[in-house]
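Novice: All chains should be built: construct the whole structure from the sequences, respecting the hints.
There are 2 protein chains.
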Amino acid sequence: MTESALRIVPLGGLGEIGKNMMVLDSGEDIVVIDAGVMFPGEEIPGVDLIIPDISYLLENQQRVRGILITHGHEDHIGALPYILRELHVPVYAPGLAHGLISVKLHEHKSLRQAKIHRIQPGQEIKLGRIRAHFFRVCHSIPDAMGIALDTPLGMVVHTGDFKFDHTPVDGKSSDITKLASLGAQGVFLLMSDSTYAELEGYTPSEQVVGETLDRVIANASGRVIVATFASLISRVQQVINASLKCDRHVCVVGRSMVDTVNMALKMGYLQAPEGLLVRADQLRRLPLNQVSIVTTGAQGEPTSALVRMANGDHQQINILPGDTVVVSATAIPGNERTVSKTIDNLFRRGAKVLYDKLDRVHVHGHASREELKIMVKLTNPKFFVPVHGQYRHLALHADLARSMGVSKENAFLLEDGDILELTEESGKIVGRALSGPTYVDGLDAWDMDSMVLRDRRTLARDGFIVVILAVDKRAGRIIGKPEVISSGFVDPEESQDLLDKTREWLAKELDHGDEGKQEWEFLQAKVKNSLSRYLYDVTHRRPMILPVAVEV
Amino acid sequence: MTESALRIVPLGGLGEIGKNMMVLDSGEDIVVIDAGVMFPGEEIPGVDLIIPDISYLLENQQRVRGILITHGHEDHIGALPYILRELHVPVYAPGLAHGLISVKLHEHKSLRQAKIHRIQPGQEIKLGRIRAHFFRVCHSIPDAMGIALDTPLGMVVHTGDFKFDHTPVDGKSSDITKLASLGAQGVFLLMSDSTYAELEGYTPSEQVVGETLDRVIANASGRVIVATFASLISRVQQVINASLKCDRHVCVVGRSMVDTVNMALKMGYLQAPEGLLVRADQLRRLPLNQVSIVTTGAQGEPTSALVRMANGDHQQINILPGDTVVVSATAIPGNERTVSKTIDNLFRRGAKVLYDKLDRVHVHGHASREELKIMVKLTNPKFFVPVHGQYRHLALHADLARSMGVSKENAFLLEDGDILELTEESGKIVGRALSGPTYVDGLDAWDMDSMVLRDRRTLARDGFIVVILAVDKRAGRIIGKPEVISSGFVDPEESQDLLDKTREWLAKELDHGDEGKQEWEFLQAKVKNSLSRYLYDVTHRRPMILPVAVEV
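Protein chains in written order, with the working numbering: chain G, 1 to 552; chain R, 1 to 552.
Derived from the structure by calculation, the hints contain no laboratory data.
Treat each hint with caution, since some may be false.
Where chains are identical, the list cannot tell them apart; a pair therefore holds if satisfied intra-copy or between any two copies.
Said to hold, decoys possible - For lysine to aspartate or glutamate, the following DMTMM-like pairs were computed, each having C-alpha atoms within a straight-line distance of at most 20 Å:
id : residue 1 : residue 2
1  : Lys341    : Asp359
2  : Lys357    : Glu483
3  : Lys481    : Glu551
4  : Lys481    : Glu509
5  : Lys408    : Asp418
6  : Lys109    : Asp537
Specialist: Following this line, the structure appears as structure tokens:
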């Protein structure tokens, strides 16, 4: 590595580039920003979550000074329990993220020794020769931060997930002044959130959602049920505020929502006057028009409270005609189907349902194009690396920065795993690091490789058939008729006949070429090939075929 | 069934209600509207397509007078090859749909005897005592029709898929005059397209897309590649028109697009001057700025031309920096992920990509709320049944009709399979018909039941393990150690160790309770239960467990 160079390495995979983890390597010191997970979609069945590959960090463990967390969302903190097991470095996180991480690590008992430091905006953290300053940004969770890193090569600004909301619910705006002063001093590199680089204009303030909720809750004749993300504390605050104005009690339903609200109340991120909040078992004695309910399930998560209510199998809340349900979220890509199914089922139960297509019930947590321009303008960086987004978002964001004066060759489009090396004058991609995705399924000890996933996809498509052959291995001969067993292949009621025919056919087929001793490998291949053709002819399907020998 | 009653039965399932098939039953005569398919999403692996269950029609076959087709989209005609095999009735279809159905039936050779009649707008068709008139509507395929059915109980209007475009590309607007005259005579029942009942205002005219394409094609310095639906002939016409204006040749790429364009040219739905269209092998000798390409893949279909180009494995077209790619479509729900992956890959190849979030490159083919109001106002129906949409769309559409004077109890929200019985004065749901979904997988002869799908989902999640036991059935004893074989369960490299351990553990476990003869059913259950617990403890996964006895 060139002396006085800086390496930038996004790690992760399958998701948004640089979202789950960014690595800064000055040669002397390595600083990690965020350690998040991705949740796999329907196309990767049987995987619980996806974490970045941290080989690069493990290989350079003695130089890793710490992990800086920008905010408490799962895609920024969720991988910590897995990563800290191998990488023993301190973690620095803003208040709420610190609380959420502590709960998470407590659940993974082996990690009690982890060092998690709670940081304040403005606080300086020394990481070898790199000094980090956190500064406030607005996002869809309290206590979100951007990070300014003073490196030997110059100032690096990482925005974290951000937007510029000048009227946020908690009154804490993005720290424009800090950004301006960084820009005035000179910013070497800006890494900026690209999630909504497709969207013209400005992201509306949380205030507009507050106005909608005020109106909806004031005008509803029955209960109002608001579903949102458990971490979107400001939305919960808005429901509390609106409910207060029209003498409604607020009930929080859904385990993760209850946990987060309790933590937020205790830590002061959420304010509710004494007696306003009620438990679900206290609802029975309240008139319907004195009740607001805040709950989870805005993404149609199958076991969430809202989905259970929509399906009529929630233990405590039954959706009634006259209820107003507000789905205060936008479907995350991949969840569209489950969200729309949930909304349909709420309509089926006679509820009035408000969702993003019908009313201003949600604003997202990321900057739109005009805000991205403000960020570039304020920091006026020499080098620009768009992060957090699909490739198209990064490409549009890079074009945006170039249109504002960042020189064409100083804006870089990276993929996860790319190693970008910056010197004072220029930058180029000098190599690739292992970046992931690493699949976590079941017990953490079990790592997945793509072979298992490939098998699962085959099984999902056409099922399997196991052929059991009694083999006299010494003579290299099959004895008797093969047994077959299958699943996911054909209708169980009709399949017995097909399986019987298959046995007969296979017995005959194997008898044919029986000219003396045959190797098991040869027999195996023969069974696979001929059976595959036979079954395709009969059913037009291609099940997985597994021959197994039972020695006799 | 009450005399002088009319039954309305939507058939289908899993998709939009009443989209794939609507049944009208006057007691004497049955008329079917449309016979379409659904394509399953990622959550139903291994299923090719989904068709309605036509048991209701088969039970009353002698009264079924015909199938009326509104237009040539797959979700309205795709089930014909399967249905006509069992239901021998004439089909009536507008010109382009007639052409597409003929091609489809030709591919399914057994159906040469099917009677498919080409109809013209205004033409009267006698179906027993019911008389049908087709009338023009605008939609995203030429020759789309609504149907007015003169029944003993009164006039029934089915809109088909429609919008009111007053400046369509082919100049053929929705027949407002016919609708007004039907309304003046009195409409008993309106069944109207609800697909975009969520959208305020008017759906923009195709004209605005024409303007965008004119501008993009005129200003592009290199090739322009426009991807859209093969059936969206008007979009192809717009590319031809825009290319003509700036001396570009047009090349059609992608099998389904080439087929449809050729048919449309031959039938007169598409106009292109001599010499304008070129084959892909002629592109090489043309300058890049004299080439427009129209192709398939706007939905990210894995084997489509655009996806191949985006992945760099299309035989004839290589995406180059300087190319402009227009994705002229909106992702159909469920396709969001594949569409966005395709756009990302086009960006990766250096193309300039325009898609719905960035420019007005597509308008959809369905009416928005203001147009739905015009339809209700013109026809002024006594009864109203919203069709074509998810449940929420129907609910919103019913509310819209009620707000315009349809009485509350005369607007009906049906589910697929509901049998609505209307008399002169009122209506109610009197029962349920089998409605589907029926899954088609591989050879048509093979029907699927949900057991197979359930198995496939289990296999997709955690794979399987087959336990082979050598059993002396007479003595009811297991001989030797069990064999195990698995797939999709654990990493193949690590699995041998686990499988060996499992064999050992199972051998011991089965040895334990061995107190004399045991029934195979008992042994099977014992293996399943104890092995399930064991494997969950070790791996936190729940593979399918299949014990099989090999008699010795």
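Novice: What label fits lysine 481 with glutamate 509 when the C-alpha limit is 20 Å: within, between, both, or neither?
Specialist: This pair counts as within: shortest intra-copy Cα distance 11 Å, inter-copy 29 Å.
Novice: Under a CA distance limit of 20 Å, which applies to lysine 109 and aspartate 537: within one copy, between copies, both, or neither?
Specialist: between (54 Å within a copy, 18 Å between copies)
Novice: Under a CA distance limit of 20 Å, which applies to lysine 357 and glutamate 483: within one copy, between copies, both, or neither?
Specialist: Neither: 56 Å inside a chain and 56 Å across chains, both beyond 20 Å.
Novice: Please work out whether the CA atoms of lysine 341 and aspartate 359 approach to 20 Å or closer within one copy, between two copies, in both situations, or in neither?
Specialist: within (19 Å within a copy, 29 Å between copies)
Novice: As a check of your reading, is lysine 481 near glutamate 551 (CA-CA no more than 20 Å) within one copy, between copies, both or neither?
Specialist: both (14 Å within a copy, 11 Å between copies)
Novice: Should lysine 408 paired with aspartate 418 be assigned to within, between, both, or neither, using CA atoms and 20 Å as the limit?
Specialist: Only inside one copy: lysine 408 and aspartate 418 sit 19 Å apart there, 61 Å across copies, limit 20 Å.
Going through the hint list in order, the structure does not satisfy hint 2, though it satisfies all others.
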